[in-house]
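Number of protein chains: 2
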Amino acid sequence: MSRDGMNYQPLSAATEQVVKPGEFVFAASHFDHGHIYGQISGLTSAGGTLKYVFDADPERYAKVLEQNPGAKAVSDFQEILDDPEVQLLTSAAIPNLRCGIGIQAMDAGKHYLTDKSPFTTLEQLAEAREAVKRTGKKYAVCYSERLLSESGWYAGELIREGAIGRVLQVLNLAPHNLAAAGRPEWFFQKEAYGGILTDIGSHQFEQFLTYGGGQDAKVNFARVDNVGNPEYPELEDFGEASLTLDNGVSCYCRIDWFNPKASRTWGDGRTFVLGTEGYLEIRKYIDVCNGGGGKIFLVNNDVEQMIECNGKVGFPYFGRLILDILNGTDEAMPQEHAFKAAELSMLAQQMGES
Amino acid sequence: MSRDGMNYQPLSAATEQVVKPGEFVFAASHFDHGHIYGQISGLTSAGGTLKYVFDADPERYAKVLEQNPGAKAVSDFQEILDDPEVQLLTSAAIPNLRCGIGIQAMDAGKHYLTDKSPFTTLEQLAEAREAVKRTGKKYAVCYSERLLSESGWYAGELIREGAIGRVLQVLNLAPHNLAAAGRPEWFFQKEAYGGILTDIGSHQFEQFLTYGGGQDAKVNFARVDNVGNPEYPELEDFGEASLTLDNGVSCYCRIDWFNPKASRTWGDGRTFVLGTEGYLEIRKYIDVCNGGGGKIFLVNNDVEQMIECNGKVGFPYFGRLILDILNGTDEAMPQEHAFKAAELSMLAQQMGES
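The listed protein sequences correspond, in order, to chains A and B. Heads up, the first sequence is in this note's numbering, so the first residue is 530 and it goes up one at a time. Heads up, the second sequence is in this note's numbering, so the first residue is 530 and it goes up one at a time.
Here chain A stands alone, though its shape is the one from the complex (with noise of 0.2 Å):
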């Protein structure tokens, strides 16, 4: 970021490649979630090479594999966790596998990569939390809604630069689509998904603990329902949490699946994040009734102004991420912090069903 005069603006134009071909390798499976395409395209984008990729449905990677002519598919998922080439497994399993899968690949000195949420239940987090001591690998999870945000991502280094003072709120909206009839059997299945604040949820803890600057937190009040679709018992179609960080951060989330039909988005998902000297709000997917999303809206002592992101920010922590298990550093996401927002996520999960 640099600041221009009075004017906020991002400055770097696209994602670094940090390696050369080659220099990184790693392998794509469980095409389950769509956000597989997202981590593999930010990995390849930061220069990492795909050698595999592994899913019981071959249409699910077609397009992968021609976007990536030099790997190929394997129809035994042994064979990349034999593969002393492969440094990292990156997957997008059904939510309640993940844990399973990320342990099995850490076991053969793999670095796991998986989509959120990583966990279902607080007993995978506590045997991935002993895998990473066993294994020295690591856990990191794609929490894409800061991670393969431009205005997301930016709004972390404008906080970070002081652009709105302390922090003293962080509160997130964020209503989906559900498309039921697009959605796979196991959506609507509660073992499976984990329930709305652990599955959802982690990416809205993920950014408390981000923009917030908090290790830890206390969860004061956290509610999970079915309020509207009675027809999928198992749905919760409406999460909400009340979070008082570490550092006397205030933290709220609402998630849904009440993201309306006319609505030009898959959810019209909003951050606000309060400090001592200004404010900003990222309205990331759409800016209703003006646009597209992608935009930061900054308030402070001196300026008010909106900071346009997407094409201008790129997607910097797949370059880190590489580079942290090619250094063997933790930089791009401490470990700590990853476990975290998912341990906070399924605190409150439960609360909410108490």
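One copy or any two copies: either way a pair holds, since identical chains are not told apart in the list.
Straight-line Cα separation of at most 25 Å, SDA-like style, residue types lysine to any residue; simulated pairs:
1. 747 / 773
2. 580 / 591
3. 841 / 689
4. 790 / 833
5. 747 / 882
6. 790 / 685
7. 747 / 883
8. 747 / 880
9. 790 / 690
10. 841 / 819
11. 592 / 711
12. 747 / 876
13. 790 / 691
14. 790 / 831
15. 747 / 879
16. 790 / 695
17. 841 / 818
18. 719 / 777
19. 790 / 830
20. 790 / 806
21. 747 / 757
What the hints contain is simulated information worked out from the structure, not anything from laboratory work.
Position chain B relative to chain A; hints supplied.
Relative to the frame of chain A, chain B by itself:
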């Protein structure tokens, strides 16, 4: 409201005069908060006749006398109470004095329209409930963030007409300019203003009940704090509360005194109402980086529409209040609704303090 093809739009152009000059006579006293001017103009533009003003500081009412040549200033408050022609007293006293003044007026046979917050303690509320029973007079409250906001009012009409289906959540962000230098002493005295959720918060809680359609609520969580102004130890500069209405609607508000200096308004107040068939956002006082406020952004299953409200809705509350008084009805804002909003805000305040 009418629906013109696919578009929603307010129909009423200006506030209707519901009475002829002299048919509804009122007095205005205790100009401690500038809200008094909105209360007076609300009543006069609905046809009310201002007969008296009373305040220790003549500068505060000089302009009101110019605008209302038939009105006269009195130096003794008792003169107002003794005049049987006066049907209502409106005032904006220091908050902890509002109830005593109201009961005095009611016992003298006047209805009462006070600035919010109507009370600073639950004991005052109990006394006012008793006074309503004893005198048969109204203890009305000008919750101006809805009653004097055209977009705030019209949002209620849209919701009542079903534009967003069944309401699931009402969420309110209410930042305010501190502007400490220009504030009177009582502003910083907790006993006088009652706490941030009691004082400002009563606006938000009134909107919860109106938009959410509930009669009562459970306070799930509340926080009041001084997070950035240690030089004013009795000031609460941050407040938040989570409620669930008795019909299941979720409510959340954040209130603060951190509106930044470069803001073009005293506070970028927002209200989000989520329904089963759509959502709306009210940008009341500013549309950040995009001009003025008074706008509703509505997205449902048919439209994505921005609705300009200023100058098109008027302030129907005041005429309805006058008619209620003349006809012995309780339509403008049921007495119990006005009291319940204050009660819930004070219960949240207590929870925040504990």
